[in-house]
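J.: What follows is the residue order along each chain.
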Amino acid sequence: MSSAPSATALSDATQRAGIDRSLRHPVMFFLTSGAAWLAVSILLAIIASIKVHCPQFMDDCEYASYGRVFPAHINTLIYGWGFQAAFGVLIWLMARMSKQECRAAGTILSAGHAWNLVVLLGTLGILDGRGTGMPWMEFPAFVWPGLLVCYCAIVVWSFIQFRVREGERSFVAQWYLLAAMIWFPWIFVTANGLLFCASGHPLMAAAINAWFKSALMFLFFIPIALGTAYYLAPKLTGRPIPSASLAKLGFWSLAVVAPWAGMQKLAGVPLSGVFLPYLGAAATALLAVPLATAAVNILRTIFSAEEKLPKSPALHFTLAGLMGLLLLAVAAIALNLPGSSLKLTQFSISGYGFEILALYGVFSFMMFGAVYFIVPRITCREWVSSRFINMHFFFSAYGIVAIAFGALFGGFIQGSAQEAWLQPWESVTDIVRPYAAVSTFAWCVILFSNIFFFVHLAMMWLGLGRPGGAPVLMDSPAEPVTPASH
Amino acid sequence: MSLRPFILGLAASFGLAWLLVVIVPFVKMRNLEPVTLSKETDGAVGIFYPKRSGRIVNGAKVYAENGCYLCHTQVVRPTYAGNDLYRPDWGGLAKDPERGDTRRETNAYDFEGETFAQIGSTRMGPDLSNLARRLDAAVAAKGSGEPAALLYAHLYDPRRSPETRKSTCPSYRFLFTRREIKGQPSNEALPFGGDATTELLPGPDAKALVSYLLAMKKDQPVPAALNFAPPEPKAAAR
Numbered sequence: 001m002s003s004a005p006s007a008t009a010l011s012d013a014t015q016r017a018g019i020d021r022s023l024r025h026p027v028m029f030f031l032t033s034g035a036a037w038l039a040v041s042i043l044l045a046i047i048a049s050i051k052v053h054c055p056q057f058m059d060d061c062e063y064a065s066y067g068r069v070f071p072a073h074i075n076t077l078i079y080g081w082g083f084q085a086a087f088g089v090l091i092w093l094m095a096r097m098s099k100q101e102c103r104a105a106g107t108i109l110s111a112g113h114a115w116n117l118v119v120l121l122g123t124l125g126i127l128d129g130r131g132t133g134m135p136w137m138e139f140p141a142f143v144w145p146g147l148l149v150c151y152c153a154i155v156v157w158s159f160i161q162f163r164v165r166e167g168e169r170s171f172v173a174q175w176y177l178l179a180a181m182i183w184f185p186w187i188f189v190t191a192n193g194l195l196f197c198a199s200g201h202p203l204m205a206a207a208i209n210a211w212f213k214s215a216l217m218f219l220f221f222i223p224i225a226l227g228t229a230y231y232l233a234p235k236l237t238g239r240p241i242p243s244a245s246l247a248k249l250g251f252w253s254l255a256v257v258a259p260w261a262g263m264q265k266l267a268g269v270p271l272s273g274v275f276l277p278y279l280g281a282a283a284t285a286l287l288a289v290p291l292a293t294a295a296v297n298i299l300r301t302i303f304s305a306e307e308k309l310p311k312s313p314a315l316h317f318t319l320a321g322l323m324g325l326l327l328l329a330v331a332a333i334a335l336n337l338p339g340s341s342l343k344l345t346q347f348s349i350s351g352y353g354f355e356i357l358a359l360y361g362v363f364s365f366m367m368f369g370a371v372y373f374i375v376p377r378i379t380c381r382e383w384v385s386s387r388f389i390n391m392h393f394f395f396s397a398y399g400i401v402a403i404a405f406g407a408l409f410g411g412f413i414q415g416s417a418q419e420a421w422l423q424p425w426e427s428v429t430d431i432v433r434p435y436a437a438v439s440t441f442a443w444c445v446i447l448f449s450n451i452f453f454f455v456h457l458a459m460m461w462l463g464l465g466r467p468g469g470a471p472v473l474m475d476s477p478a479e480p481v482t483p484a485s486h
Numbered sequence: 001m002s003l004r005p006f007i008l009g010l011a012a013s014f015g016l017a018w019l020l021v022v023i024v025p026f027v028k029m030r031n032l033e034p035v036t037l038s039k040e041t042d043g044a045v046g047i048f049y050p051k052r053s054g055r056i057v058n059g060a061k062v063y064a065e066n067g068c069y070l071c072h073t074q075v076v077r078p079t080y081a082g083n084d085l086y087r088p089d090w091g092g093l094a095k096d097p098e099r100g101d102t103r104r105e106t107n108a109y110d111f112e113g114e115t116f117a118q119i120g121s122t123r124m125g126p127d128l129s130n131l132a133r134r135l136d137a138a139v140a141a142k143g144s145g146e147p148a149a150l151l152y153a154h155l156y157d158p159r160r161s162p163e164t165r166k167s168t169c170p171s172y173r174f175l176f177t178r179r180e181i182k183g184q185p186s187n188e189a190l191p192f193g194g195d196a197t198t199e200l201l202p203g204p205d206a207k208a209l210v211s212y213l214l215a216m217k218k219d220q221p222v223p224a225a226l227n228f229a230p231p232e233p234k235a236a237a238r
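Chains as they are written, first to last, in the numbering used here: chain A, 1 to 486; chain B, 1 to 238.
These are computed hints drawn from the structure, not numbers from a lab. All values derive from a computational prediction rather than experimental measurement. Heads up, the beta-carbon is just placed ideally off N, CA and C, and yes, glycines get one too. Check each hint, because a few of them may be wrong.
Computed footprint of chain A on chain B, listed as stretches where at least three residues anywhere in the stretch have a Cβ under 8 angstroms from a Cβ of chain A [to be verified]:
1) 26–40
2) 79–92
3) 114–124
4) 134–140
5) 153–167
6) 171–180
Computed list of chain B residues with no C-beta within reach of chain A, every gap over 12 angstroms [unchecked claim]:
7) Phe-14
8) Ala-17
9) Lys-61
10) Lys-95
11) Pro-185
12) Ala-229
Okay, the calculated beta carbon distance ranges per label pair [unchecked claim]:
13) B:Arg-178 - A:Gly-339: 50 to 56 angstroms
14) B:Ile-7 - A:Gln-423: 49 to 55 angstroms
15) B:Val-24 - A:Trp-421: 31 to 37 angstroms
16) B:Lys-166 - A:Gly-469: 56 to 62 angstroms
17) A:Asp-60 - B:Arg-165: 15 to 21 angstroms
18) A:Pro-434 - B:Ser-186: 41 to 47 angstroms
19) A:Pro-424 - B:Glu-98: 24 to 30 angstroms
20) A:Trp-252 - B:Thr-164: 38 to 44 angstroms
21) A:Gly-106 - B:Leu-226: 55 to 61 angstroms
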C-alpha cells in the first residue's frame, strides 16, 4: 500500500524535472536578457530624471535628449524587461500547471533572440530620433509586426499545452495567464493597426493610444502578475486559495471592467463622445475592485499558514507586490475622481507614478518572486547569496516606495499649481523639481538593487549556483560558499 | 473550466468594450461632418473651414521624434475639466488689440492635417495650443523682432533669455548647423553664436518644427455651433 503514493510522487518528480529541463534554456534566456534590459531601462530613467531637475546635464548630446531618452526608458522597461520576464515566467508556469513538457524550446529560443533584436532596433530608432511620438508605442513603425510575430511564436505553445493538459481541471493562475495571452494580441493589433495602418481622426488616435496604455497595463502585465501570485502563494505556503468565488469575482470583474479604462487622459478633449474619458475614469476607479479582491484572496492564502513561514525570497517579493497592488487599487480611485482629482492628475507626474507603480511595484516584484522560485528548479542549483537577495529586495522596495509616493503625491501638488491660474506658469515648473530629484535618487537605488539581481541571475545562468544544499532564505546565515571558489 | 466558454466569456467582456470604446468612436470620428454655418448666428452661409498653415506634417514629425509631447500639451480644456481657459494667454489672448478676448477651448478641427493629436503627457512646460499668439504678443510688446527668431533662440538654448533662465526645456542644438561664412552672411543665421568666420543656421528639421509651432494659433473664431463661450456680458453691467 505504501509503495503506491511514493511511486506517484516519484513519477511526479520525474515529470517536473522533465518539464524544467525542457524549458531550461528559453526561460533562462528570457529572464537574463530581461534583467539586462531592466538595467538599461533604469539607466535611461536616471538620465531622463536628472534632466528634469538639471537640464544642463548631457545637454550637448543629441542621443541623450530628454525627449528621446524618456521614451527609450519606458519602452525598454515594457518590451525589454516586462515582456521578457512575462514570457519566461508564463511559459514555465503554463507547462508546470498543464503538466506538459515543452517541445518547441528551439523555436521559443529563436523567437526570443528575434524579440531582443527587434527591441534593440526599436530602442536605437528612438534614440536616433525616429520615434513615433505615441506613448508606449514609440518604436518606429517597422517594429510592431516583428514583436507580434515573435510573441505568437513564443506563447502559442503555452496555449497548446493548456489545451492538451491532463484532466479538465484548471487553476486560477491559469485563467489569468491564458486571458493575458489572448488579450494582448487583440489589444496590440487593434492599437497598432488603427494608428499605423488606418487613417482616423487625430484625436481618436490619441484616445486609442491612451486606451492601449491602460489595456496593456491591466490586461497584460497585471494579469500575468496575478497569475504568478496565485501560483506562488499556495505553492510556498502549502495552503489552498481560501475562496474560489472570490477568485472568480476578481478575475471576471477585471475582464469586464479593464477594457473600458484608459481614455481619462483625454478628459475635456473634444472627442465625438465627450463621455468616453469619463467612462474611462469610472472604469479605472472601478478597477480597485478586481485588484483588491485578488490581493485580499492571495494575502489570505499566505496568512492562513499556521506555522511560521520560512523567509523565502519568492514569498517576500510576492508579498511586497501584493502591497503594491493594494496601493495601486487605492491610487486608481484617488487619481480618477472626475469632479475633483482627475483635473489635477491628468497632466501631472502622478500618471508616471501610477504606471511605474503598476510596472515595477506590482508586476516586476511578482516577477522577481517567480524568478527566485523558478531559477533554482531549472538550473538544479541554489542561489548563491542571501545577502544579494536581501540587497535586491530592500533597495528595490525603498526605491519604488520613493518613486510611487513622490510622483503620486507630487502630481497632486503639481496639478494644484497648474489649476491655480492666477499664478504665473513658471511657478509650476519649480514645483516639480524636488520630486524629480527624489525620482532620480530612487532610480539610482533601484539600479543599485538590480545590479545584484542581474549579477546573481547571470551567475546562475553560467552554472555558478550552489549545487545542492538547503534553499537560500532571506535570513540565511552568511553564505558558506563564495562564488570565487567554483 | 473548459476552454470554449472561457474564451467566449473573454471575447464577450472584452469585445463589447472594444467595440463601444474603440471601434465605433473611431469609425464615427473618421470623417467628421463639416460644421454648417447659419445666417443668423454666424452671419454667413456655407461650411466652417478650419484654417491652418505651415509645414504641419513635417513639423509634427519632428515634434514627435524629439519628444516635445512629454512636457507640452496641446489642449485647452473646457472649464468643466480644468482651469486652462482662465489663463490669460492659453486659449487665445485675453486682451487681443484687435479682437478683444479670443480665448476658446480646443475643438476637433484644430488638428487638421495631423495624424496623431499630441495631447501630451505631463505639463512640465506650458500648453502650446496658442504659442504663436503669445509670441506675436511678445513681439508686439517689445516693438521689434520676429516670432520665428524667438523660437529658434529658444530651441537652441532655452535658458539664454533672462525670462526663461529657469526653464527645464532641453536644448535642441543638434537641429542647427554651424557653417563657414562665404561671401554674405545668411539672413537665416541666428543673431548669436556666430563669430567672424562661422554662423549658426537652423537645419531642415528646425525649420519644419518652427513652421509647425508658428501655426499654433488655435483661437480663430468658430461658428456658433462650436462656440461654448458664455454670451458677451452687457457693457458696464455691474
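J.: For each hint, tell me whether it holds in the structure or not.
T.: Hints, one by one, checked against the model:
1. With 5 residues having a Cβ less than 8 angstroms from any Cβ of chain A, the region 26–40 of chain B passes the three-residue criterion, so the hint holds.
2. By the rule of at least three residues with a Cβ nearer than 8 angstroms to a Cβ of chain A, the coverage given for the region 79–92 of chain B holds, with 7 such residues.
3. As drawn, the region 114–124 of chain B meets chain A at 11 residues by the rule of a beta-carbon pair under 8 angstroms; at three or more, the given contact holds.
4. Under the rule that three or more residues need a Cβ within less than 8 angstroms of chain A, the assignment of the region 134–140 of chain B is violated, with 0 such residues.
5. A count of 4 residues in the region 153–167 of chain B with a Cβ less than 8 angstroms from any Cβ of chain A is obtained; the coverage claim is therefore met, three being the minimum.
6. Closer than 8 angstroms: that is the beta-carbon criterion, and the region 171–180 of chain B has 4 residues meeting it against chain A, so the requirement of 3 holds.
7. Here Phe-14 of chain B does not stay apart from chain A, with its beta-carbon only about 5 angstroms from theirs, under the 12 angstroms limit.
8. Taking the minimum C-beta to C-beta distance to chain A, about 3 angstroms, the non-interface status of Ala-17 of chain B is violated against the 12 angstroms cut.
9. Distance to chain A contradicts Lys-61 of chain B as a non-interface residue, since its nearest Cβ pair spans about 8 angstroms, not more than 12 angstroms.
10. For Lys-95 of chain B, the condition that its CB be more than 12 angstroms from all CB atoms of chain A holds, with the nearest at approximately 15 angstroms.
11. Chain A leaves Pro-185 of chain B outside its interface by the beta-carbon criterion, the shortest separation being 24 angstroms against a cut-off of 12 angstroms.
12. The Cβ of Ala-229 of chain B lies farther than 12 angstroms from every Cβ of chain A, with a closest approach of about 14 angstroms, so its non-interface assignment holds.
13. At about 53 angstroms, the CB distance of Arg-178 of chain B to Gly-339 of chain A agrees with the hint of 50 to 56 angstroms.
14. Our hint of 49 to 55 angstroms for Ile-7 of chain B and Gln-423 of chain A holds, since their Cβ atoms are close to 54 angstroms apart.
15. The given range of 31 to 37 angstroms is respected by Val-24 of chain B and Trp-421 of chain A, whose C-beta atoms sit roughly 36 angstroms from each other.
16. Between Lys-166 of chain B and Gly-469 of chain A the Cβ separation comes to about 58 angstroms, which falls inside the hinted range of 56 to 62 angstroms.
17. Distance hint check: the CB atoms of Asp-60 of chain A and Arg-165 of chain B are about 19 angstroms apart, consistent with the given range 15 to 21 angstroms.
18. The given range of 41 to 47 angstroms is respected by Pro-434 of chain A and Ser-186 of chain B, whose C-beta atoms sit roughly 43 angstroms from each other.
19. For the hinted restraint 24 to 30 angstroms between Pro-424 of chain A and Glu-98 of chain B, the CB-CB distance of approximately 25 angstroms keeps it satisfied.
20. Distance hint check: the CB atoms of Trp-252 of chain A and Thr-164 of chain B are about 53 angstroms apart, inconsistent with the given range 38 to 44 angstroms.
21. For Gly-106 of chain A and Leu-226 of chain B, the hinted distance range of 55 to 61 angstroms is satisfied, since their beta carbons lie about 60 angstroms from each other.
Of the numbered hints given earlier, the model fails hints 4, 7, 8, 9, 20; all others are met.
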